[in-house]
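There are 2 protein chains.
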Amino acid sequence: MSLDDSAARVAATLEDALDGFPDTDLTAAMRYAVSRGKRLRAHLVIAGATMLDVPKDRADGAAAAIEAMHAYSLVHDDLPAMDDDDLRRGQPTVHVKWDEATAILVGDALQSLAFELVSGPVTHPDPTVRAELALTLARASGGAGMVLGQAEDIAAEMALIPLNLDQITGLQARKTGALIGWAAMAGARLAGEDPARLGRYATALGLAFQITDDILDVIGDATRAGKRLRKDAEAGKATFVSLLGLDGAKSRAEALVADAIAALEPYGPRADALRDTARFVIARDA
Amino acid sequence: MSLDDSAARVAATLEDALDGFPDTDLTAAMRYAVSRGKRLRAHLVIAGATMLDVPKDRADGAAAAIEAMHAYSLVHDDLPAMDDDDLRRGQPTVHVKWDEATAILVGDALQSLAFELVSGPVTHPDPTVRAELALTLARASGGAGMVLGQAEDIAAEMALIPLNLDQITGLQARKTGALIGWAAMAGARLAGEDPARLGRYATALGLAFQITDDILDVIGDATRAGKRLRKDAEAGKATFVSLLGLDGAKSRAEALVADAIAALEPYGPRADALRDTARFVIARDA
Chain A
89 MSLDDSAARV
99 AATLEDALDG
109 FPDTDLTAAM
119 RYAVSRGKRL
129 RAHLVIAGAT
139 MLDVPKDRAD
149 GAAAAIEAMH
159 AYSLVHDDLP
169 AMDDDDLRRG
179 QPTVHVKWDE
189 ATAILVGDAL
199 QSLAFELVSG
209 PVTHPDPTVR
219 AELALTLARA
229 SGGAGMVLGQ
239 AEDIAAEMAL
249 IPLNLDQITG
259 LQARKTGALI
269 GWAAMAGARL
279 AGEDPARLGR
289 YATALGLAFQ
299 ITDDILDVIG
309 DATRAGKRLR
319 KDAEAGKATF
329 VSLLGLDGAK
339 SRAEALVADA
349 IAALEPYGPR
359 ADALRDTARF
369 VIARDA
Chain B
89 MSLDDSAARV
99 AATLEDALDG
109 FPDTDLTAAM
119 RYAVSRGKRL
129 RAHLVIAGAT
139 MLDVPKDRAD
149 GAAAAIEAMH
159 AYSLVHDDLP
169 AMDDDDLRRG
179 QPTVHVKWDE
189 ATAILVGDAL
199 QSLAFELVSG
209 PVTHPDPTVR
219 AELALTLARA
229 SGGAGMVLGQ
239 AEDIAAEMAL
249 IPLNLDQITG
259 LQARKTGALI
269 GWAAMAGARL
279 AGEDPARLGR
289 YATALGLAFQ
299 ITDDILDVIG
309 DATRAGKRLR
319 KDAEAGKATF
329 VSLLGLDGAK
339 SRAEALVADA
349 IAALEPYGPR
359 ADALRDTARF
369 VIARDA
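These protein sequence lines are chains A and B, in that order. Just so we're aligned, residue 89 is where the first sequence starts under our numbering, counting upward by one. Just so we're aligned, residue 89 is where the second sequence starts under our numbering, counting upward by one.
Treat identical chains as interchangeable: a pair holds within one or across any two.
List time: in silico DSBU-like cross-link candidates among lysine-lysine, alpha-carbon distance up to 30 Å:
1. K126 - K185
2. K126 - K338
3. K319 - K126
Derived from the structure by calculation, the hints contain no laboratory data.
Please construct the entire structure, taking both the sequences and the accompanying hints into account.
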């Protein structure tokens with residue numbers, strides 16, 4: 089199960105879901121917003137499920153749900169009132185290609201789609217699992233999770249005193265860590281196993297991901313990233329790089345990946361796809 | 089079970105839910121956004137559930153969920169890029185009292201809260217019911233339901249040719265009818281009965297509600313309504329009043345309420361609260 093396999097599966101699932109929607113401009117803009125991406129979160133769901141012997145097609149609903157949720161957050165984060173970005177994944181952002189009203193509504197509809205996917209019968213035959221996936225997804229994405237992290241990030245940009253390492257770690261645990269954590273634990277939920285057993289992997293992975301994002305914002309190639317870079321330095325924001333230095337940030341991310349991999353020890357070779365994913369998180373160039 | 093009783097119950101449920109959130113500006117703005125309103129949708133849930141002998145406290149989760157969903161839609165609809173309204177329920181809108189970024193995030197977090205409430209164990213002991221409520225709520229609110237209706241409404245405002253009666257009826261069935269319909273049928277879902285039996289009531293009620301909104305936009309008192317009125321005429325938009333005339337619109341709303349009440353016939357006197365609600369929908373002055 090490679091990242092490319094997962095990306096192809098989740099693209100097909102999202103396409104199928106949107107084919108069931110009315111043929112409108114809104115649906116076209118939703119399709120555009122979910123049409124690209126690394127699909128890391130979907131892959132975590134699918135690789136985690138596969139490791140625990142969940143049939144692949146039973147992971148598709150949850151995998152598509154987390155990508156719809158992630159895509160909604162990007163569309164809203166890119167809005168002029170938020171990060172004001174024109175480029176995402178190498179393409180014009182939704183509010184640039186359409187307009188702000190459409191971008192707000194596309195984000196809103198993609199969040200609904202995430203819950204439609206995760207609570208639908210195709211996601212799992214056991215309604216207890218579906219309701220639990222919906223409940224945990226709502227908590228991870230809402231006002232105590234991802235949305236709070238984004239609100240804190242915007243507040244930090246306007247603050248006179250840059251955040252310290254503890255504050256940034258907490259903020260990012262919510263902004264990006266919560267959804268990555270949900271994705272890493274979804275496979276266990278689908279398998280009917282205790283998701284907490286993957287908690288250490290999920291937490292370390294989420295933080296390593298964000299540190300790498302901060303590193304790529306400094307050393308990355310904008311064309312390859314498909315989005316504007318050097319934003320944090322321009323804004324004078326504290327980041328893992330500004331606080332730890334470039335080498336310090338790299339070492340920290342590597343240590344976290346080592347810890348994530350160590351946390352998979354009880355699963356033996358079955359966890360190789362999750363190990364590869366952890367290595368990918370810091371080795372990626374975009 | 090009066091509207092006031094339901095309003096008090098749902099306010100308490102929402103307050104309790106938000107008390108569980110971190111003490112942040114975002115939570116304060118979420119609390120503000122859900123702190124007022126007629127609570128018609130919550131009352132439909134509670135009155136429908138009570139009619140079918142569901143204990144009141146078992147209707148609270150679904151009732152609070154639909155009000156959180158409704159509140160999110162108002163916060164986003166009021167944004168400058170959408171309807172650009174400064175006043176809602178007699179108070180400054182969220183983007184006026186805070187800012188646009190906060191308003192976008194408050195709406196996003198309230199949508200998540202709706203799904204957190206509806207899929208949580210307190211909503212119903214049977215996970216099949218919780219997953220079904222989440223799934224139908226996602227469909228009612230998303231890109232084939234409420235959000236599509238709002239997108240169509242914005243498009244209609246920019247169109248050169250006003251919509252005709254069929255088009256407006258379809259648009260409003262999505263924009264306001266979908267959530268009202270979900271609310272009217274939620275009690276049956278909580279009771280484990282066939283929600284389709286309340287479908288005719290729900291559809292007629294939703295349309296009567298919107299026609300009355302169009303009437304109040306023309307003859308209503310802005311202070312009492314707590315929001316800007318006469319918007320549709322200013323924008324040259326087709327409404328039920330512009331298409332049917334004021335008297336024609338009133339007759340149509342009354343006929344729909346009569347139909348909604350007739351559809352409750354099989355339930356006998358147990359349905360009196362739902363009958364009162366239907367009468368309230370056209371008798372309200374705000």
